[in-house]
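J.: What follows is the residue order along each chain.
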Amino acid sequence: MSNSAIIEIENLTKTFKHAEEPAVNGISFSINRNEIFGLLGPNGAGKTTTISILCGLFAPSGGKIVIDGKNLYEELPLIKKIIGIVPQDIALYPTLSARENLAFYGSMYGLHGKNLKNRIELWLEKLGLKDTGKRQVSTYSGGMKRRVNLIAGILHQPKILFLDEPTVGVDVQSRNVIIEHLKEINAAGTTIIYTSHHMEEAENFCTRVSIIDHGKLLTVGTPSELINNSTGATNLEGLFLNLTKRKLRD
Amino acid sequence: MLNKLLATVKKEALLLLRDKVGLAVLFVMPVALILVMTLIQDSAFKSINEKGIPIVFVNDDNDSLGYNIKQGLMENDLCYLVDSIDGKPATAELAKKAVSEGNFLLGIVIPKGATAAIRKNVSALVDETMNGSDSLQQQQDSVEITILIDPVAKKSFLNAVTSNLREFISEVKTKIMFQSFSEQIADVIPDRQNAPTNSYQKSQIIHYKEIFASAASEKIIPNAVQHNVPAWTIFAMFFIAIPLSNSILKEKTEGSVFRLHTMPTPYLLLINGKIIVYVIVCLLQFLLMLAVGKFLLPQLGLPALVLGNSVAGIFLLTLATGFAATGFGVAVGTLATTDHQAAIMGSLSILLLSALGGIWVPSYVMPQVMRTISSYSPLNWSLEGFYKLFLRGGTVNGILPDVCKLMAFFFAMMAIAHIANLKKRNV
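Those sequence lines, one after another, are chains C and X. So that you can map any letter, position 27 of the first sequence is 27 in this note's numbering, and since no number is skipped, the others follow by simple counting. So that you can map any letter, position 223 of the second sequence is 223 in this note's numbering, and since no number is skipped, the others follow by simple counting.
Just so you know, not all the hints are guaranteed correct.
[Unchecked claim] Think about it this way: if two alpha-carbon atoms lie no more than 27 Å apart in a straight line, the pair counts; the simulated DSSO-like pairs of lysine-lysine are: (1) C:Lys216 - C:Lys114; (2) C:Lys70 - X:Lys423; (3) C:Lys114 - X:Lys10; (4) C:Lys81 - X:Lys423; (5) X:Lys20 - C:Lys81; (6) X:Lys10 - C:Lys81; (7) C:Lys145 - C:Lys117; (8) C:Lys17 - X:Lys20; (9) X:Lys250 - C:Lys70; (10) C:Lys117 - X:Lys10; (11) X:Lys252 - C:Lys134; (12) C:Lys126 - C:Lys114; (13) C:Lys145 - X:Lys423; (14) X:Lys423 - C:Lys64; (15) C:Lys216 - X:Lys424; (16) C:Lys64 - X:Lys20; (17) X:Lys250 - C:Lys81; (18) C:Lys145 - C:Lys126; (19) C:Lys17 - X:Lys252; (20) C:Lys134 - X:Lys175; (21) C:Lys134 - X:Lys20; (22) X:Lys250 - C:Lys145; (23) C:Lys159 - C:Lys114; (24) C:Lys159 - C:Lys17; (25) C:Lys145 - X:Lys10; (26) C:Lys145 - C:Lys134; (27) C:Lys17 - X:Lys424; (28) C:Lys134 - X:Lys423; (29) C:Lys130 - X:Lys10; (30) X:Lys155 - C:Lys145; (31) X:Lys252 - C:Lys81; (32) X:Lys88 - X:Lys70; (33) X:Lys250 - C:Lys17.
[To be verified] With beta-carbon atoms standing in for the labels, derived distance ranges: (34) X:Leu296 - C:Phe58: 49 to 57 Å; (35) C:Asp171 - X:Ala13: 32 to 40 Å; (36) C:Ala59 - X:Phe295: 51 to 59 Å; (37) X:Leu284 - C:Lys134: 42 to 50 Å; (38) X:Val28 - C:Ser61: 44 to 52 Å; (39) X:Lys20 - C:Thr234: 50 to 58 Å; (40) C:Lys17 - X:Leu296: 39 to 47 Å.
Derived by calculation from the structure, the hints in this document are not laboratory data. Every residue, glycine too, gets a C-beta built ideally from N, C-alpha and C.
Can you build the whole structure from these sequences, using the hints too?
T.: So, in structure tokens, the structure goes:
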């Protein structure tokens, strides 16, 4: 295992109870410090299951995971302190304001007092929500909710940030703001693990990508490396279709 | 950790305060239930405790028997007598009509000459005893008191009235007999000046005294208020399970739980935050209901709630009830998978537990089998505790068994929720 790797996964397997096939089937890869790592795949490929296991949400059926030098299931409480997650669903309380939501989530990461308040104000300003921070989240547009959802995951400055489709269903303006700030966070030292169906976004945003399907790792490398080594693909979307085929997924 | 707990409490309080409908259910519903149920049940409780049931009384005798029955029933807590109908003096016909129309549950008609007939019969009996004549067989007149009964009248009430009537008739008969014997004896004893003047009263050597077997210094009568205020407050406190379980389910369906489980905060702490807020709501509900019982119900002509003497006991029991109710809510919210499921599971189980627990109908009027089942309902433990405090002058020591049972129920519910949670995550 590499010294520069912040996440090392060996032969990770997850078979859900009563499922006929494993959701994740013996995948192994490592993610380096300060990378933006894309975890790509069609619906049901095993992306969210992999992220959920990496966040400690549920246990794998087999395999080994080391995060920041610590075994995930031996030192889960310590690992939870250094990770942040931006789930695909808007994980916010609709009847609370953006500030109230962020104050709560920030407190759960151990932030409090002036430090917490300053960080909330800083990020609300950066993501264009300072003036609307008092409004209940239920009154926000989809893009605004996504931005608050992102802040809730980065407020505690995690070492590793998991992003599950962070720009799904938002307008171009919101998407650009989100991507720009994610790059800024990454530049400040946070490793990002990102899933998306938006291939063009992944191609431009990620330093390395992996493509998984049916729970198996199909390929891993930098976007340009993978495109150049493929036959007939001129971009990441072409490569993705070559590897995962065109059959519709549930 | 304290900061995290305080943040959770603040979040839960804000969520609850912004749910206006939920708040209305938690505070307005029990007030409405207490008002409606107390007013409805007031007459039923009165039939047991107060001069609640009117009886139409026709006294055609106008002598000792009529007077004694009238006096006796008037002094009895069971009923009160009405001797006029629509402003006219009650007659046998009017009384029968009024009872058949449902205006009175019972009517009593004392026929004309009833006392005279008794006197005649007693006199014959005394004469036969003293002089050995057989005038009794020749002169016996029967006395027939008519009791008019509405078919809806409870048998127990009817039995109580007829038993009272028998007692009064027997008393009058004995009194007349005593007087007759005294007169006959006086005739054969020359020195009448030494005869006692109130010999009948002096002969009443057996008396009975009613004492309430409670520690309360004053007599507290179980009435609709004493039952309904604690009963519906407990019901409302347990009803908190529905918004609480919904709050847990919303976190699941809205995705917050995904984020919460990945945070460096034990899930139990997040649940504890909810429990603290909802237990505080339970205490506030109780305070509001006490205020309703103490101040609002008397304005509606109902008796004021009597709290007993143990403020510490009331607080402890309310707290334990709050914990039991919130524990139940946490279990429902964890076991259910949708809002709909939680609402049905929560409301039906609370309705069932409350019916069994003696909230709707006090358990002491239930049949023995149901009383046994009732003793397994946590709502019954709480209600019994409040009966002890409010009616029997109970203290903290007296309600400790109930408090322990409620707390054991809370811990059992939390254990069930914890196991269910672990099972759900162990997919």
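J.: Does each hint hold? Answer for all of them.
T.: Going down the list of hints, with the structure as the test:
no.	hint	result
1	C:Lys216 - C:Lys114	46 Å, violated
2	C:Lys70 - X:Lys423	26 Å, holds
3	C:Lys114 - X:Lys10	17 Å, holds
4	C:Lys81 - X:Lys423	24 Å, holds
5	X:Lys20 - C:Lys81	36 Å, violated
6	X:Lys10 - C:Lys81	22 Å, holds
7	C:Lys145 - C:Lys117	19 Å, holds
8	C:Lys17 - X:Lys20	41 Å, violated
9	X:Lys250 - C:Lys70	33 Å, violated
10	C:Lys117 - X:Lys10	16 Å, holds
11	X:Lys252 - C:Lys134	25 Å, holds
12	C:Lys126 - C:Lys114	18 Å, holds
13	C:Lys145 - X:Lys423	32 Å, violated
14	X:Lys423 - C:Lys64	22 Å, holds
15	C:Lys216 - X:Lys424	25 Å, holds
16	C:Lys64 - X:Lys20	49 Å, violated
17	X:Lys250 - C:Lys81	25 Å, holds
18	C:Lys145 - C:Lys126	15 Å, holds
19	C:Lys17 - X:Lys252	20 Å, holds
20	C:Lys134 - X:Lys175	88 Å, violated
21	C:Lys134 - X:Lys20	19 Å, holds
22	X:Lys250 - C:Lys145	17 Å, holds
23	C:Lys159 - C:Lys114	22 Å, holds
24	C:Lys159 - C:Lys17	32 Å, violated
25	C:Lys145 - X:Lys10	21 Å, holds
26	C:Lys145 - C:Lys134	13 Å, holds
27	C:Lys17 - X:Lys424	11 Å, holds
28	C:Lys134 - X:Lys423	38 Å, violated
29	C:Lys130 - X:Lys10	22 Å, holds
30	X:Lys155 - C:Lys145	68 Å, violated
31	X:Lys252 - C:Lys81	22 Å, holds
32	X:Lys88 - X:Lys70	18 Å, holds
33	X:Lys250 - C:Lys17	25 Å, holds
34	X:Leu296 - C:Phe58: 49 to 57 Å	52 Å, holds
35	C:Asp171 - X:Ala13: 32 to 40 Å	35 Å, holds
36	C:Ala59 - X:Phe295: 51 to 59 Å	57 Å, holds
37	X:Leu284 - C:Lys134: 42 to 50 Å	27 Å, violated
38	X:Val28 - C:Ser61: 44 to 52 Å	51 Å, holds
39	X:Lys20 - C:Thr234: 50 to 58 Å	57 Å, holds
40	C:Lys17 - X:Leu296: 39 to 47 Å	55 Å, violated
Violated hints, listed in ascending order, are 1, 5, 8, 9, 13, 16, 20, 24, 28, 30, 37 and 40; each of the other numbered hints is respected by the structure.
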